[in-house]
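Asks: Below are the chains, spelled out letter by letter.
Number of protein chains: 2
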Amino acid sequence: MSHLKIDIHTHILPEHIPKWKEKFGYGGFIQLEHYEPCCARMIRDDGVFFRDVEDNCWSPEARMKECDVLGVHVQVLSTVPVMFSYWAKPSDGLELSHFLNDHIAGIVQRFPKRFIGLGTVPLQAPDLAIRELERCKKNGLVGVQIGTNVNQCNLGEPQFVEFFTACQDLGMAVFVHPWEVMGAEVMQKYWLPWLVGMPAETSRAICSMLFSGLLEKLPRLRVAFAHGGGSFPSTIGRIEHGFLMRPDLCAIDNPVNPKEYLTRMYFDSLVHEPIMLDYLLQLVGAERVALGSDYPFPLGELQPGELIESMPYTEDIKRRLLCDTALEWLNLGKEIFL
Amino acid sequence: MSHLKIDIHTHILPEHIPKWKEKFGYGGFIQLEHYEPCCARMIRDDGVFFRDVEDNCWSPEARMKECDVLGVHVQVLSTVPVMFSYWAKPSDGLELSHFLNDHIAGIVQRFPKRFIGLGTVPLQAPDLAIRELERCKKNGLVGVQIGTNVNQCNLGEPQFVEFFTACQDLGMAVFVHPWEVMGAEVMQKYWLPWLVGMPAETSRAICSMLFSGLLEKLPRLRVAFAHGGGSFPSTIGRIEHGFLMRPDLCAIDNPVNPKEYLTRMYFDSLVHEPIMLDYLLQLVGAERVALGSDYPFPLGELQPGELIESMPYTEDIKRRLLCDTALEWLNLGKEIFL
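Protein chains in written order, with the working numbering: chain A, 1 to 338; chain B, 1 to 338.
Hints in this document: simulated from the structure, not taken from any laboratory.
Predicted model, so just to flag it, every value in this text is computed and none were measured.
Treat the hints with caution; some may be incorrect.
As a list, the in silico DSS-like pairs of lysine-lysine whose alpha-carbon atoms are at most 27 Å apart [what the hints assert, rightly or not]:
id	chain 1	residue 1	chain 2	residue 2
1	A	334	A	113
2	B	217	A	189
3	A	217	B	217
4	A	137	A	89
5	A	138	A	217
6	A	113	A	89
7	A	137	A	217
8	B	65	B	89
9	B	334	A	259
10	A	189	B	334
11	A	65	A	89
12	A	334	A	138
Derived contacts from chain B toward chain A, CB cut-off under 7 Å, selection only [what the hints assert, rightly or not]:
id	residue
13	182
14	183
15	186
16	188
17	190
18	195
19	200
20	231
21	234
22	239
23	242
24	249
25	261
26	282
27	286
Built from N, CA and C at the ideal position, the CB exists for glycine as well.
Please model the entire structure based on the sequences and the hints provided.
Replies: If you want it as C-alpha cells, here you go:
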C-alpha cells in the first residue's frame, strides 16, 4: 500500500543570495557561488568554504523531480541552519529572515500541493521574531524552524517565553534544529560537531524547554525536534532519574517529571537505525514521530522513508509515520495535498 | 537463581585528603570537610562547594555492609572523576595519583574478595601516566579510570597512543568516565552538564578513539565506557552514516566502519531505562555489557542490578551482565571471589 508521504525535515535556499556584507557593513554571512549550471558553493563572506550544494538545494522543479522518483509527495521546507545568523544585528537578522521567508512562501504559493513552508525568525530580538512570525503566518507559512540555542542562550530562558507564546497563540508549528553546537571547538576532527555535538544540542534544547516550565506553560505549542530528538530519547532514563534524585537542581522551575512531556513533543524519524526507531516508537508512540530526511544533505536519509518502510509495522502505523503525525504537528488537513 | 554480582562502576575517596594547595602552592583541588561522624563535604580549595558525601564514599566497611544488603559481591573501585586534576602540574598530578592509587590498592589488599581496584593516572603527562600505570599494576590494580578528554584534548590524539599501548601491553583494563564536559559553561541550570553533557562526552571519547584508528591499532585493549556508552550507542546510526557519506571528513585516519567496534568495546549497564538496555544489548550483545551503578552517587542505580534483574532475560544472559562480562573486561577469574 502506498501512503501519502510528507517529509518534515528538508532544507532549501534561494538560488541567489544578496551580498549581505556589502549591505550591512560587516561579515559572517553565507554566500552562494555558482560555478556550474547545477552546482554552487556555500562560502562565508570571509572566504571560508562551508558546503557544496546542487540545484536540488534551490530549485523547486529539481526537488519535485527527485521527489517523484523518491516517492515523496510533500516536503516541509526550512532554511539551512547556517542561515539563522542569530549573531547578526537584530534589524539585519530581520531583513535576512524576510528575504528567506518570502522565498519559501513564494514556492509554497506556486506549488501548494508539493510544499509546506516554515520560516526563520531573528530570535536575537524576540520582539522582532514575533513580528516576523506574524508576517510568516500571513504569507502562508505554517510554522518556523529555530536553532537549539540563540547565541548560546537556552530556549527555556525567560526572554523567549513571549515568542513561544505567540507561536502557540498563532498556531504556528516549531521545528527545532541543532546549530552553533556545544563543544564544536574541541572536536573539529572527524565531523564530530555533526555526529556528537548535534545530538547533544537537541537534548540541551529539549531539557531547557522542559525543566524551565516552558512546555508546561504552553500545552498547545506544537514543537518537533530534528534527528529523532538527538540524544534526548536515549538518555531520558538518566534525565528522569536526575530529576527524581536532585529536585533541588532539576525541579527548581517546574515540578513535572520530564517523562510527562515525551508524548507532548514531536520527533522526526531520522535515526538511521532500525532498533533505534523501534526504541523511539516504544518510548513516545507513532503519534509523535514523523518522517524527516534532512534532504538534500548527505547526512540525511537518502531514500526518505526507507527506514520506516523497512520496519515490520502495520500499515496504520506506517501511515502515521509517513503522513498523519506530520499533518497533526502542522495542523493541516490531508485534503490539501490530494 | 542468585548470581555473583560485580559492579564495575563505583567511586571511592580516601577518608582524609592532604591539603594539596598548601603543598603544591596553587589551588583547584578538592578537599574533604568532615562535619559529622559519617558525613563530609567535598569542597574545592577556593571554597566552592562540590558535593555532599557520606561514609560509604570512603569506608570499605560501610560499603561492604551496604553491598551485603544490596546483594553486590564485588565492587570495582575508581576515584571520583573530579579528582582527575589533569589541569595540575604533571609532577603534582603524579603525586596525587600515587596517593589515590595507594589508598585503593590498600583496600583491595585488605579485602581481595570484595574489591577490585582501578587507578588514576596523570594523563597531562603521558610518560608519567605510563610510569604510574606500571606502578598500579605492581600494586595489584587491574586497570585505570580515565576522563573522556584531557584538558580538552581528545583521547585519539597522537600524544596518548603510547599510554594506551602500555595499557594493552600490560593487560590493564581502561574505564572511560566523562569529566570536564563539553558545553558545561552554557548549560549550568538543571544539572545539564550531568544530564546532557556527560552522555555527549562519552560519545566524543568513543568517536575519537574509533576514528583516529587508536582501537584499530590496539585490538587487545580492553576498554569500557560509563553510562552505557552515553549517547554513542543511540547515535551509532548517524555516526556510521556520516562515516559512509563523508569519508573525506571521517575516514581520514581509519578506513574501518565505526560499527565494527561495537563488539570490541565494553559498556556499563547504567541506562536507567528497560527499553534502552534492550537496545544496547541488541546492538552490542550481552558479552559487552556489565553491571555498573555509579555507587554511591544519587544519579546511579540505587539498587545495583535492579534493572538487569527486572528484564525478561535468560539466567545465562543475566549472569553475563552481572558478572561474566565484567570478569572478561578485567581479565580476572571468578574463583578469586568465591
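Asks: Where does the structure disagree with the numbered hints, that is, which hint numbers, in rising order?
Replies: Hints 3, 6, 8, 9, 10, 11, 16, 25, 27 contradicted; others consistent.
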